[in-house]
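Student: Heads up: the sequence lines are chains A, B, C and D, in that order.
Here the working numbering is used: the first residue of the first sequence is 1, the next is one more, and so on.
Here the working numbering is used: the first residue of the second sequence is 1001, the next is one more, and so on.
Here the working numbering is used: the first residue of the third sequence is 2001, the next is one more, and so on.
Here the working numbering is used: the first residue of the fourth sequence is 3001, the next is one more, and so on.
Hint data in this document are derived by calculation from the structure and do not stem from the laboratory.
Ideal placement from N, C-alpha and C gives every residue a C-beta, glycine not left out.
Take these hints with a grain of salt, some might be off.
As the list claims (entries may be wrong) - Here chain A is said to cover these stretches of chain C; the calculated rule only asks that three of the stretch's residues, wherever they fall, bring their Cβ under 8 Å from a Cβ of chain A:
1. 2081-2089
2. 2161-2170
3. 2178-2192
4. 2321-2335
5. 2378-2387
As the list claims (entries may be wrong) - No farther apart than 25 Å at their CA atoms in a straight line, the calculated lysine to any residue pairs in the SDA-like style are these:
6. A/K30 - B/G1188
7. A/K167 - D/I3071
8. A/K54 - B/A1160
9. A/K167 - B/G1188
10. A/K167 - D/F3015
11. A/K54 - A/P243
12. A/K167 - D/L3011
13. D/K3099 - A/P243
14. A/K167 - D/I3039
15. A/K30 - B/F1176
16. C/K2439 - C/E2356
17. A/K54 - B/F1176
18. A/K167 - D/V3088
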Amino acid sequence: MMGLQLQSDCWLIWPVILPLSAALVAFLAKGQPRLSGLTGALLTALASGTLFLKVVNHGGGSYDLGGWQPPLGISLRGDGPAVLMVLMTAVTGLAISVYAGGYFQSRIAMGGKGRRHIVQERFFWPLWLLLWGALNGLFLSADIFNMYVTLELVALSSVGLTALSGKPASQVAAMRYLLASLLGSLSFLLGVAFLYKTHGSLDLATIQAALALSPPVALAMALISVGLMLKCALFPFHFWLAPAHANALAPVSAILSGLVIKGGWYLFFRFWQGFLPLVGDGVVVVLAGLGGAAIIWGAFQAFCQQRLKMLVAYSTVAQIGYLFIIFPLLAIGAGQGAAAVFYFAISHSCAKAALFLAAGSIFLQMGHDRINNLDGVRQILPITTFAFALAGLSLMGLPPTGGFIAKYMYLSLAVSQDSWWLVLVMVVGSCLTAIYICRAVSHVLSPRMVAGRSQVVVGASMEWSALALALVAILLGFIAPLPLGLFEVVG
Amino acid sequence: MTGNESTGHRRGMGLVPLFNLVMLVALFAALAWGYLAPVSGSSGLAHRVDAALVESGVESRVTAVLLNYRAYDTLLECFVLFLGVVAVWSLRPFRYDRHDPSPGLILSSLVRLLVPLMVLVGGYLLWAGSNQAGGAFQAGAILGGAGVLLLLTSSPLLSALPRGLLSCGICLGPVFFLMMGLAAMVLGRDFMEYRGEAAALAIVALEVVTALSIGLCLAALFGGRRPEAGQEGAGKAVPSQDGGEGR
Amino acid sequence: MIWQNWLLVMILLSSLVPGLIIFSLAESRHGLRTTLNLFGAITKMVLVMIMIVGIHQGKSFAVHLVLLPGLELVLRADLLSALFVALSSILWLFTTIYAIAYLEDSPNRSHFFGYFSLCVTVTIGIALAGNLLTFLFFFEMLTLSTYPLVVHRGTTEALAAGRVYLIYTLAGGFCLFLGVVWLHVLVGPVDFSREGVLSPLVESHGQTLRIIFFLLIAGVGVKAALFPLHGWLPRAMVAPAPVSALLHAVAVVKAGAFGIIRVVLDVYGLQTAKGLGLLMPLMLLASVTIVYGAIYALKQDNLKHRLAFSTVSQVSYIALGISIGHPLAIMGGMAHLVHQGLMKITLFFCAGNIAEILGVHHISRMNGVGRRLPLTMAAFTLAAMGMIGLPPMAGFVSKWYLGLGAIAQGQGWLIGVLVLSSLLNAAYFLPILYGAWFKEPEGEWPADSGTVGPVESHWMLIVPPVVTALIVLLVGLLANSGLSPLAWVRLIINARYGL
Amino acid sequence: MSVPPALVYGLTGLFLFVAGLAGLISCAQLLRKILAANIMASGVFLFLVTIGHGRGGVIDPVPHAMVLTGIVVSVSSTAVVLALACRVQETANIHDLLKRRAGGDRE
């Protein structure tokens, strides 16, 4: 039986092991970080794709590491949602990697202060690959303490990436990010301790099967929830997000906003799948209320921003809200709510990463990202601005995009539940999103001519990778049955 | 921190501290309530750990958990350390170069005396770990301490190290962990599946290498910046001038 | 048969593919761009003709794409969509020809024609939409593909107009979105071919259905420029003339009007809508819009603004025809969909010519234009007379049926509205005609670009309005023949209500 | 009636957690915040250790292993946060210096 398992499910470890190994190689290969990093990214994406195909063809599975079955050992669980997230990370991550290759090439070619960009690239690849491996580990993990370790890996590598740009603003932001993240981790860990105390197991499935509402469990729920909310910057814990995401290097912003946030949220969702049946409506409504507040407040803040990257970052604050307002709607309709929110997460990931990549290219080309002075960048970077506009469409939830499908599912769930306040929040939020995206797009796509840097410094790989991601966000509007069919697969 | 430059300013006395206090007391009360509430059932994993101890190849239960049952956690933990070093090294070089006074006779002779002793103690802890308290992490911490002492006194021992060695040493732990895990796979088992006789051997090897790597990583973390950062592009790494900031 | 299903996709692709290629063309590839444009337009015409012949022979065309379980994109060609598709593809051809000449030597043409093609693709998509979701899908995309055209000039004024346009249409879009989702939750997918799915719900969910109707009409009403939602239209006049022509005659406003037809007739069904008492408010709204638009048109001195308010007024005839609820009135309304398109596009071509060739934008400066631009002004005159509703022009035919329907439905007072509107039309068009033909020009034109050969200017600027004006005349004259739009509309009405 | 030591340790651990949280929130200085976070971590670790001792004399090694792992993770984070703090502090110092110098020029 053990041997059988080895044959079928050892695919689960490669998306974790490969990027981690590639990070070591990229760190040691000082002369060729880009080559080794890109190779590692490609291999990781391939491993993730293989896992996806395996799960599509043969159903999900789990892998007991070291051959020790839980609760003694740790297992990796490859069910539909986990594999979807791994695939999402692979698609987004690959595009970001290609972009990063071009980005550092352009930066180094531009010259500037000493070897700064060379050093940045040298450390970017190991950090990014570590982050990728940690994220995959987080998505696949079935053990709550292991989740803590992967969370810490994710947090530390994200902080390292945030501070990579070397600007004082980014370092202060990284500092705040790290402190918030530490607080979140410790809260999470204390929650884990309480859960272990009551259930004597660290396996999430075992715990959730035996979960009953008692003081320590309630406490553990609260601690874990707050910890993860801090990690994914749900309102009112969003204070650290915007400066950290906006001041980082372009590929890093995309990684942070597109992927890292989803890690914390994914764990939150996994835990709450077990918690939901235990709690009353009140708690769930509070969660949704925070989500709604995030949507409105984030969108308002985004509208007020003068800098493009800040706008996109605050838009992340707002979009996180959508990941949480789903909770009152989860109980009904055979997993439709879960399908909707995962679809939202996936399409947001592609769209947001594309937005940040495009914004990064625009920043690099223009030398600034003040929205009001970006008129006419279309003439210099047609593909990038097109990608920006397309990704914006998905964010607004307009057809034909993945965002549209997700919003459609959201709205129909809310309407069928008579949750009119959610409908109101979503409609108002969508209007605000439309307003701030259009504000940016109308400048970026403006036909006016402006004098800018005449020489194009943005490489083709940067332009096309952003466009590719935006196109994936569009494509998601047409292929929804495919990923959502996978969603039903159990581990 | 020698400077007195606090970044913020004290808030005026008012209701805010009182409110904070009340909230914190309430939090503590809630935690204590959760802690003290009677729990039925669960007995932890102690029995399972004991039952599988024979297979695990070690006698110490904690070591068995760390390096066999939950070896995956430990693998990731090695990556956390490695990541810590990468993250610290990736930071912008630290310009604030305080001129270190020379260590002085007492400190340097103490170091000369202490460091070999610490290495010895580390070795003992490693050996002891197989059946009692101790093990790779404790040993690694001691070794790291020795490294810190060397850093503090700018020992010439450090500057004698070849340039690439430090990087390799940092990677050593994770690399070795991964290789052992994959070796198990090559031998037809699961990833990181160690059993019986072979397990004992594998775990001892893992412990030694992990201890070394942890010691090195801790010392590197203490350094607080990448070795060549002090002199961008210069030939030799001289980590000895990096001490002090982490204090 | 396979080709039947792919025909609809081909019709969409025939403008989408050239559009996408044009996007990637360099600005200087004028010849290739023109070729692509014309090739696309002509291919589409041919395909549409094949489709119409097929429909006439009783073939059915439909394509499905499952977006989600229960959420399908459906393209289906029925009689009504054929009407709109035919109108769009014919007018697209003329507008393309016109735009090529109009925009000669102006910057950013690749972008312009790219979005132009997208816009037509989306409009055809709206026409062919087989269910409410597909309609919504293309309707939202229409906003996005027209916005770049509105701001094409890039002036501060254009950007401001674009902003207003976006705010109106996106807000409307969200209303429509909500209505569609709500209806979907209530009754499942709403297919246009299954009229009357809502009738069982009239008793139990009457109030909900009224709210949804309001949301849907608000959504499509923004684009159709119904009275309180028309604010964007006059501002959008800053766009180049071909864009205005397209927006008013084919794409945006017409799509909104088409949406009203779909919502009332195909989603709710005439009986259900009547039963819920939804038609009366719509009728009032349409009447108010007709009179309001006409009065405001009278106040404008800028020619394009006058035409814009005239559109506000005229498009509401369509809504009026539908809301009267009598088959004859519906026939008038649907016929007006085509007639108004033909007339309005002619007027905008002419206005564009007057502005482009002579630099004249204001009616007060138009005295004597007829001597300098006889062909253009002749076309203008024909179209304006059609607008006023003078027989035998096209406009007369639609007004006639509207009136007949109103009387048959017992809403005689609407005759008053029609007469009043016609008088106002006359009041704002006849002075222009009089001035242009019979008054002396006041000195030099601000910017006369000179004649080219025997005609007033580039032939591509002159031929489209002249041809469309002739069509306006022919459509009115031959209204009873088998080939006129009216005949087609009669076919629709016969199939639905057995006139 | 004697209080079991595990209880005392557990409560102490929780107290340290709360105290650390208080410090993290209210201290303005970076270094103090970092120390406070470390105190929080120590509290959690202490709490974890007591969990392993709770049940009838049998010592559960899993929480111990968790603590060991947790400590390493915490050391790593602390090192990164300290290294970052140095940079932030340095930048602040430079800004301070520049500001002071600029002010001096004006006077």
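Student: Take the hints in turn and mark each one as holding or not.
Tutor: Hint check results:
| no. | hint | in the structure |
| --- | --- | --- |
| 1 | 2081-2089 | violated (count 0) |
| 2 | 2161-2170 | holds (count 5) |
| 3 | 2178-2192 | holds (count 5) |
| 4 | 2321-2335 | violated (count 0) |
| 5 | 2378-2387 | violated (count 0) |
| 6 | A/K30 - B/G1188 | violated (34 Å) |
| 7 | A/K167 - D/I3071 | violated (30 Å) |
| 8 | A/K54 - B/A1160 | violated (51 Å) |
| 9 | A/K167 - B/G1188 | violated (50 Å) |
| 10 | A/K167 - D/F3015 | violated (38 Å) |
| 11 | A/K54 - A/P243 | violated (40 Å) |
| 12 | A/K167 - D/L3011 | violated (43 Å) |
| 13 | D/K3099 - A/P243 | holds (23 Å) |
| 14 | A/K167 - D/I3039 | violated (30 Å) |
| 15 | A/K30 - B/F1176 | holds (20 Å) |
| 16 | C/K2439 - C/E2356 | holds (21 Å) |
| 17 | A/K54 - B/F1176 | violated (29 Å) |
| 18 | A/K167 - D/V3088 | holds (10 Å) |
Figure legend: structure checked against the earlier numbered hints; hints not met, in rising order: 1, 4, 5, 6, 7, 8, 9, 10, 11, 12, 14 and 17.
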